[in-house]
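K.L.:
Required output: the full structure, derived from the provided sequences and hints.
What follows is each chain in one-letter form.
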Amino acid sequence: MAAEKKFAGYICTGCGISERLNVNQLQTVATREGKIAEVKQHARLCAPDGVQLIRDDIAAGATHLMIAGCSRRSKMEVFNFPQVAMSRANLREGVIWARPNAPEHQETTQEMAADYIRMACAELKYLNIASPSAEQKLNKNILVVGGGVTGMTAALEVAAAGYPAHLVCDEGELGGAWKDLYKRVPFRAAASEVPNGRDVDLPLPEEPGIAEMIAQVQANQRITVHLNAHLAKTSGAPGRFAADICNTAGATVTENFGAIIQASDFKPYDAQQLPEFAYGKTPDVVTNFELERLAKAANGAPLKRPSDGKVVESVTFIQCAGQRSEQDGHLPYCSGFCCTESIKQALYFKTQNPDCDTTILFDDLRTPGAAGEDFYRCGQQEMVTFSKGKASAVVKNGAGLTVKFKDLILNEDTELNCDLVVLATGQVPNNGPDPYAQLAVDEAETEEEKEAARRKLEVAPPSILNLDYRQGTDLPQLKHGFVDSHFICFPYETRRTGIYAAGPVRRPMDMKQAMDDAAGAAMKAIQAAESAANSAAVHPRVGDLSYPKFRKEGCTQCKRCTVECPFGAINEDEQKYPVFNESRCRRCGTCMGACPVRVISFENYSIDSVNQQIKAVDIPDEFSEKPRILVLACENDAYPALDMAAQAGIETTPFVRVVPVRCLGSVSLSWITDSLSSGFDGIVLMGCRRDEDYQCHFVRGSAIAAERLSKVGDTLTQLNLEPERIVVHEVAITDLARAPRLLNDMAATIEKIGMSSFKF
Amino acid sequence: MTAVIATNETILVVGGGISGMTAALEAAETGKQVVLVEQRPYLGGRVTQLYKYFPKLCFPTCGLEINQRRTKQNPNLTILTLAEVTGLTGSAGAYTATITLAPRYVNERCTACGDCATAVEAEFADEYNYGLSKRKGAYLPYRMAHPARYVLDPAIIGTADAEKAKAACKYDAIDLEMREETLELRCGAVIWATGWQPYDAAKIQPYGYDRFPNVITSVEFERLADVNGPTGGKIVRPSDGKEAKKIAFIQCAGSRDRNHLLHCSRICCMASLKQATYVLDAFAEQAEVNVYYIDLRSIDRFEDFYNKVRANQNIKFIKSKPSSIVADKDGNPIVHGVDTEGYNRYAEPHDLVVLAVGMEPAVKKDAFPISVQINREGFIEAAPENGGIFAAGCAADALDVNRSAQHATGAALRAIQVINRVARAEV
Chain A
1 MAAEKKFAGY
11 ICTGCGISER
21 LNVNQLQTVA
31 TREGKIAEVK
41 QHARLCAPDG
51 VQLIRDDIAA
61 GATHLMIAGC
71 SRRSKMEVFN
81 FPQVAMSRAN
91 LREGVIWARP
101 NAPEHQETTQ
111 EMAADYIRMA
121 CAELKYLNIA
131 SPSAEQKLNK
141 NILVVGGGVT
151 GMTAALEVAA
161 AGYPAHLVCD
171 EGELGGAWKD
181 LYKRVPFRAA
191 ASEVPNGRDV
201 DLPLPEEPGI
211 AEMIAQVQAN
221 QRITVHLNAH
231 LAKTSGAPGR
241 FAADICNTAG
251 ATVTENFGAI
261 IQASDFKPYD
271 AQQLPEFAYG
281 KTPDVVTNFE
291 LERLAKAANG
301 APLKRPSDGK
311 VVESVTFIQC
321 AGQRSEQDGH
331 LPYCSGFCCT
341 ESIKQALYFK
351 TQNPDCDTTI
361 LFDDLRTPGA
371 AGEDFYRCGQ
381 QEMVTFSKGK
391 ASAVVKNGAG
401 LTVKFKDLIL
411 NEDTELNCDL
421 VVLATGQVPN
431 NGPDPYAQLA
441 VDEAETEEEK
451 EAARRKLEVA
461 PPSILNLDYR
471 QGTDLPQLKH
481 GFVDSHFICF
491 PYETRRTGIY
501 AAGPVRRPMD
511 MKQAMDDAAG
521 AAMKAIQAAE
531 SAANSAAVHP
541 RVGDLSYPKF
551 RKEGCTQCKR
561 CTVECPFGAI
571 NEDEQKYPVF
581 NESRCRRCGT
591 CMGACPVRVI
601 SFENYSIDSV
611 NQQIKAVDIP
621 DEFSEKPRIL
631 VLACENDAYP
641 ALDMAAQAGI
651 ETTPFVRVVP
661 VRCLGSVSLS
671 WITDSLSSGF
681 DGIVLMGCRR
691 DEDYQCHFVR
701 GSAIAAERLS
711 KVGDTLTQLN
721 LEPERIVVHE
731 VAITDLARAP
741 RLLNDMAATI
751 EKIGMSSFKF
Chain B
761 MTAVIATNET
771 ILVVGGGISG
781 MTAALEAAET
791 GKQVVLVEQR
801 PYLGGRVTQL
811 YKYFPKLCFP
821 TCGLEINQRR
831 TKQNPNLTIL
841 TLAEVTGLTG
851 SAGAYTATIT
861 LAPRYVNERC
871 TACGDCATAV
881 EAEFADEYNY
891 GLSKRKGAYL
901 PYRMAHPARY
911 VLDPAIIGTA
921 DAEKAKAACK
931 YDAIDLEMRE
941 ETLELRCGAV
951 IWATGWQPYD
961 AAKIQPYGYD
971 RFPNVITSVE
981 FERLADVNGP
991 TGGKIVRPSD
1001 GKEAKKIAFI
1011 QCAGSRDRNH
1021 LLHCSRICCM
1031 ASLKQATYVL
1041 DAFAEQAEVN
1051 VYYIDLRSID
1061 RFEDFYNKVR
1071 ANQNIKFIKS
1081 KPSSIVADKD
1091 GNPIVHGVDT
1101 EGYNRYAEPH
1111 DLVVLAVGME
1121 PAVKKDAFPI
1131 SVQINREGFI
1141 EAAPENGGIF
1151 AAGCAADALD
1161 VNRSAQHATG
1171 AALRAIQVIN
1181 RVARAEV
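Taken in sequence, the protein lines are chains A and B. The opening residue of the first sequence carries number 1 in our numbering; numbering runs sequentially from there. The opening residue of the second sequence carries number 761 in our numbering; numbering runs sequentially from there.
A hint or two may mislead.
As the list claims (entries may be wrong) - Computed cross-link-like contacts, PhoX-like style, restricted to lysine-lysine with a CA-CA straight-line distance of at most 25 angstroms: (1) K404/A x K350/A; (2) K310/A x K281/A; (3) K1006/B x K1089/B; (4) K406/A x K1076/B; (5) K812/B x K479/A; (6) K296/A x K350/A; (7) K304/A x K183/A; (8) K479/A x K1068/B; (9) K390/A x K1068/B; (10) K5/A x K35/A; (11) K267/A x K479/A; (12) K1124/B x K963/B; (13) K406/A x K1081/B; (14) K390/A x K1076/B; (15) K40/A x K930/B; (16) K1068/B x K1006/B; (17) K816/B x K479/A; (18) K1081/B x K390/A; (19) K6/A x K125/A.
Because the hints were derived from the structure by calculation, they are not lab data. Note that this is a predicted model, so its numbers are computed, not measured.
P.N.:
Right, here's the structure in full:
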């Protein structure tokens, strides 16, 4: 923004601020030291007249506002002026609520407030009003990868919202892994008027609806289907993805997209890995997927034993076959759909022959929800036998089969003869290679490591997306080969902005869930395309117009930013300079924290905007007994925890000066070294938990910061400072008592080891 | 008077829990106009009352902080709290909703300074803590409440406390003249996200929830375990404040049961495994946890969590639906039943029993303001007959938080499809 900055300052005197603090002195600090010429006091700035005062100033040309009063988290909806830059000094939660109201504390409390005013003024000077990059226009096309039920549903949902979709299917016909279904598990529970009792009208297996879905897709004007096709290359970013869609005949078309949905579904588990159940040794042991084909072929006629065509009079379903097991080659997870699937298949037999013995051997029967439990009840009503038992072997017994199992109810080993065995096998996510496996090959330092990484990659499946990204070709995976998902609060968040996973590639699921999931992914894809058109960030910094700017002339091509970006947003050009992709960026600032030469910053969050706050703090001399502790706190968890601690009346040492950061990953080591050399006595970093399942929407920021900080020891040694002066803590938003205690502990540590000698 | 501008391109979201918030935000962040109606005085619903989430054991307020920040900044979103949809007429693309707003007696000038709460005296059972603690008659519903605005309990209106609260407020934020209001607004699509309520445990007579203080529900146990809850996170039993080191979790309490709820509530197995970690963490070697279950439903990737928890020596799983609970003279609940694995009778004393109660839809079958397809258990089924009304989250089925957010995101799209059709028709 070339336009001139016009500053305005406000100090709210409400909520006890004027009773506890000398506001006139604070105003003087803001004008004299903060260099904000016009600073107004208001008794209740958040009231309509206060807000109007600010609005009038904006109308009169104010572009930069310093608001001192409550925490930046409070009254956010009132102090919401997207057209200007704003800093907020936290005098209420950060100062008066965190400090006891007693004359002996007055001096340090006032100093705290004065520093927050200085910091807010300093920050403001270095904030710029973010402006849209206009790097991409509105592209309403959505790319859906996968021609199964999930992909078709996603395409139909996208189209129903008025957006065009391209559906890329790697097979010659649509339908995917579920196209051979004879019937599907009912989507609904018993109807409202059905009584609670036995022999009532419960939903039965229903038509699968796949042929109809295929017909709908084919007839839809907004959907373009690419059969026998795969993505040879996908490049760009939300709003300007370019995909080379290549078919088996070798023809390639390049289409542009606003966003992408990966709905590549699953592959049936390979039952060859279950020799104990005689799979492959006799055709009379089939998987649940194979049984669907038999049932479809029989089309209502009695199902026959594959080996000799005898009508099946007894069938045993072995649940969790090759699942929920740590055994080599087995799936450690539960596939979620197999219990209701087996009930459905047992009903195939019961429908054409009520006398057919159908036994389901299960450990835990998992039929959740209203529809699930009604379907279980339906199975019981139709006289399917449910037996809690663990199968150990299937052996041939004349023309039939014997299933050996442990009956868990009678607590004894027993066996069962039957004509047919159905193995309830699970879903294996149909995903591309782990992108970080490719990276491990590229970046291996020794030939040995490279070879090991290469071997791992050799067994990896082929790429599905073929992303032309510096951080690999496909979506990152979380566990067991399923693609990434935040997993609790924000199920669609992936580490590749604008590319949303839907269906069993994300977690195991049944058809109904996959269809619901497709709708959600379609929502996110549309939103990503629309946001990209406005140059606005998506979740969690929704609407943020800033994006990383970098000074190429200072860049040393060290590649740290391109490696550490949690979202794979940064590519490299031929000379290994970073190439930022604004709409792939989530504005966490990890690149800024990674950059050793400080050439990356955001308009509304920069090396300077924090550094100047640090420098603005008034540092009393070594003999003052007033240490200064810099706290860099995650704005989503640690900062709110401190706010709420103050709200609860929990006391914090007056020597801290807290700076909220977007993520600990954004913390530049220069902030640490500069604060030490400007006389801070201690530094506390507060980020989120860092363990195997990442917790945060910004993925690994906290872990990265801890790693970087582990290398700061040298700096401390050079400065002849004790290592205890810097600590990194994992702080949760619920740590109301603990967070202030950690700060008080640092104050106690400084009291013990003494003040820093770097006070000038 | 509350004024809300809405058109037939507006999406109405009924319910401001995690599902409603998610649906409202996803739609608003796609540029749609959304009105979010919440019955409680704050957003977040039952998620606000949870201590931790499974399977990561992280804190719900963390995600809530993000969602609240999203709502505070979004110009497309209008939030009405203490509000209920009492009427709904019309069809897809053209609905009229009647909304009844209960008086908060506190206006938007409230700064959440807390002076009113200090001034008043009468105390009431705190519903946020399921009555496990008291709150004042002027109160912030819970620490992170959004809107961050106090509420006056209607019971103090007309008493001296109301006047004291008003006198204490420096910001003209207390308005004792507030009355119930009704407003009508137009909307093109409705997302019904009214969520769930815990099944009334007192109805399960053999378990004695209404007779034994040391038999509590899973939702109450969440509050007990919360470090910021009524006991400061100390797991103690209600009768005598003694540490509850030996705890029974009874699964399917009132669920999968012809006498109670027929359905499986999906979350309870995982919730009890999660709550078991509270006990195992708090008392380490001294902890003793018994989980009485029919089927352990740690579906899909949750299996990892089940494996992790059951690796602990101090937790036992007993396949059994207990037949009854009695209390001994010290108030210890004794769980009776038969372990169906081997058919052994047991009579096991515990310090505390936690009933894993099921989820029932918050809106009764006959209480919907407009006809929608409802199943036997009272959940809304997706159906073309529902027109422009789409259920999200636990109004549609018993779902966990992740699946609620997933489902609500899809519901937002379905509402947008209707709105976009309206918009196209008007072009």
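K.L.:
Within a Cα-Cα threshold of 25 angstroms, do K296/A and K350/A meet the stated pairing?
P.N.:
Distance of about 15 angstroms is within 25 angstroms: holds.
K.L.:
Please work out if K310/A and K281/A have their alpha carbons no farther apart than 25 angstroms.
P.N.:
Roughly 18 angstroms separates the two Cα atoms, so the pair holds.
K.L.:
Would you check the hint for K390/A and K1076/B, treating anything up to 25 angstroms between C-alpha atoms as holding?
P.N.:
Holds - the C-alpha atoms of K1076/B and K390/A are around 19 angstroms apart, at most 25 angstroms.
K.L.:
Going straight from one Cα to the other, do K267/A and K479/A come out at no more than 25 angstroms?
P.N.:
Holds - the C-alpha atoms of K479/A and K267/A are around 16 angstroms apart, at most 25 angstroms.
K.L.:
Take the C-alpha atoms of K1124/B and K963/B, compute the straight-line distance between them, and say whether it is at most 25 angstroms.
P.N.:
17 angstroms, holds
K.L.:
Between K479/A and K1068/B, is the straight-line Cα distance small enough, at 25 angstroms or below?
P.N.:
15 angstroms, holds
K.L.:
For a C-alpha distance cap of 25 angstroms, please report whether K390/A and K1068/B respect it.
P.N.:
This hinted pair holds, its Cα atoms lying about 21 angstroms apart.
K.L.:
Is K1068/B close enough to K1006/B, meaning Cα to Cα at most 25 angstroms?
P.N.:
This hinted pair holds, its Cα atoms lying about 20 angstroms apart.
K.L.:
Need the status of pair K816/B, K479/A: alpha-carbon distance at most 25 angstroms?
P.N.:
Given pair K816/B, K479/A holds - Cα atoms ~13 angstroms apart, limit 25 angstroms.
K.L.:
Between the alpha carbons of K1081/B and K390/A, is the straight-line distance 25 angstroms or under?
P.N.:
Since the Cα atoms of K1081/B and K390/A sit roughly 21 angstroms apart, the hinted pair holds (cutoff 25 angstroms).
K.L.:
Tell me if the straight-line CA distance from K404/A to K350/A falls inside 25 angstroms.
P.N.:
23 angstroms, holds
K.L.:
Does K1081/B lie within 25 angstroms of K406/A when you go C-alpha to C-alpha?
P.N.:
Answer holds: K406/A to K1081/B is near 21 angstroms, not above 25 angstroms.
Consistency note: the structure conflicts with none of the earlier hints.
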